[in-house]
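Peer 1: Each chain, letter by letter, is given below.
Protein chains: 2
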Amino acid sequence: MYTSEELSKLIQQGIADIDYPTLAPHLYDPVRYTLETGGKRLRPTLVLMAANLFSDDIRPAITPAVGLEMYHNFTLLHDDVMDKAPDRRGRATVHVKWNDNTAILSGDAMQALAYRMIAEAPAHCLKAVIDLFNTTNIEIGEGQQLDMEFETRNDVSAEEYIEMIRLKTSVLLGCALKMGALIGKADEKSAQTLYDFGIDLGLAFQLQDDWLDCWGDPRTFGKRIGGDILCAKKTYLRIQAEKNAPLPNVTLADGEDAYIEAFKNYYVTSGAEKACREAIASYAQKAKDDLARLPIPAEKLAVLTALTDKLENRNR
Amino acid sequence: MYTSEELSKLIQQGIADIDYPTLAPHLYDPVRYTLETGGKRLRPTLVLMAANLFSDDIRPAITPAVGLEMYHNFTLLHDDVMDKAPDRRGRATVHVKWNDNTAILSGDAMQALAYRMIAEAPAHCLKAVIDLFNTTNIEIGEGQQLDMEFETRNDVSAEEYIEMIRLKTSVLLGCALKMGALIGKADEKSAQTLYDFGIDLGLAFQLQDDWLDCWGDPRTFGKRIGGDILCAKKTYLRIQAEKNAPLPNVTLADGEDAYIEAFKNYYVTSGAEKACREAIASYAQKAKDDLARLPIPAEKLAVLTALTDKLENRNR
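Line order of the protein sequences matches chains A and B.
Under my numbering, think of the first position of the first sequence as 1, with each following residue one higher.
Under my numbering, think of the first position of the second sequence as 1, with each following residue one higher.
One thing to keep in mind: the hints can contain errors.
You can't tell identical chains apart in this list, so a pair holds if it fits in one copy or across any two.
Unchecked claim - Dumping the calculated BS3-like pairs for lysine-lysine here, alpha-carbon to alpha-carbon at most 25 Å:
1. Lys-243 x Lys-84
2. Lys-97 x Lys-310
3. Lys-185 x Lys-127
4. Lys-97 x Lys-84
5. Lys-127 x Lys-234
6. Lys-288 x Lys-233
7. Lys-286 x Lys-223
8. Lys-264 x Lys-127
If you're looking for bench data, these hints aren't it; they were derived computationally from the structure.
All chains should be modelled from the sequences, with the hints used to inform the complete structure.
Peer 2: Okay, here's the thing in structure tokens:
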């Protein structure tokens, strides 16, 4: 089994080795800029971890894994244009550093490059990998569409919200794990179980992100605490709270800190905070149950179990 | 052999049969809108024509052919956002009818749907078809990048211009023909010869488009005569003219008609008009030579030869 450090090195090397076409070199300046800003590299790590569960030789999974990271960064790039986001990971976004057109076109190029890398999956699973990725790509666009539609709706249910984050976030984690499993020659059932694990893990992660926006540690959360509250984002917390109780009697004129505090209090007293914690725990448990269904000894699953545990610990 | 009318019907039916996902139905409203505005359907027609050269059963080529039309429309949609184009084919563009974000996201969805359809190519050629399309997709982005870069450059050579239109326009025609040939189980050499035919045909077409912008028949050209001149577009005519003679002594203050006339006269007296006609004739001849290299009787190639002839006739 590869250690996390070894996987991280392989991914870093894979990103450094990307074979950029040469006919219009400036097209790839924003692509390099986006990829070098880092991030957790969660998706390629999941591809390689899953491949390693079934195969000692994970080299055939490296290029598709990097392709998935390329794809993920494409979605962030276009999302940032649509959200008019000024920065990401502490640096100016591409549409700010260059312009909207450059961001649109280099994003399109990233999607194309991602497909080229993913299509380097071995012949024994190429069709399955391409079909899986196509479905995922379509679903992620649908998730983004629903997210945008929810901004102008006041009747979004908790179930609809879960479905939106499943599409926008979870399916890519499921895709990463299943892709790795397929490349590692897993049986179909195990590959699907890992997909399910990715869905449950992703839902728990996204709900935790909603929770951390209120109660996270500002030193480790990376984003401003209360950001979702200030922009009135329809998070799981807000949807659950509004179901149970009227909005708090506060406006931004009372000051941002007071506004955030009033909403945090509202989420607690309305029971939304508890509901959110319970939902996180429930999806984390589902994720663990998924792992337990795999015909793989627990010690080989330690890294994936650790990912799930981390969720629950960060939650307290 | 299928007639052009039969092919056209198959493509129309294929577009009507597109299996749109259902989780976020509004995502596909702009996609349907874009596809129903029509256009010549040249790319899917080329796919089916090429398949039919080698196989009587062209049904396996229909979905990939429609996928290529979907892809082509995606590039137009994003190009229109980048160019801030108000209309296309007589209707408001997507970013005008909806907004920029909708155009970006539905364009991305079109690229995803295109891949899903193209990946329905038969198993015997799936890898080759995907690789061909990935390369083409990347090259088209590079062509668009070069086109944008040329806007702010004053030293673009005729060779660079040809390379740009090869990437932006021709490779997709080559891809369409080669894709059809691969699906129809053509030998590798014939498939590549058809690709070359597509490149030469595309170059002749694009150069003819430059020429028609000045001397086309307003009733059939579809765009305003002189549009390229008014926006100072660096066409083949302008690049060739500037190489030979100083710009005409005219400004837009002299009136648009006078301005257009002065430039048309400049293109003729500088020899650019002649150079453009010769380049069109040369690429059209190359395209015919490509066809002659195919191990296929001339009567089966009649539709493709007719496409090339049409070029030369429209040119006079």
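Peer 1: Next, verify each hint and record whether it holds.
Peer 2: Evaluated hints:
no. : hint              : verdict
1   : Lys-243 x Lys-84  : neither (30 Å within a copy, 42 Å between copies)
2   : Lys-97 x Lys-310  : neither (35 Å within a copy, 46 Å between copies)
3   : Lys-185 x Lys-127 : both (13 Å within a copy, 19 Å between copies)
4   : Lys-97 x Lys-84   : both (12 Å within a copy, 20 Å between copies)
5   : Lys-127 x Lys-234 : neither (38 Å within a copy, 43 Å between copies)
6   : Lys-288 x Lys-233 : neither (30 Å within a copy, 60 Å between copies)
7   : Lys-286 x Lys-223 : neither (28 Å within a copy, 59 Å between copies)
8   : Lys-264 x Lys-127 : neither (48 Å within a copy, 53 Å between copies)
The structure is inconsistent with the numbered hints 1, 2, 5, 6, 7 and 8, although it conforms to all the rest.
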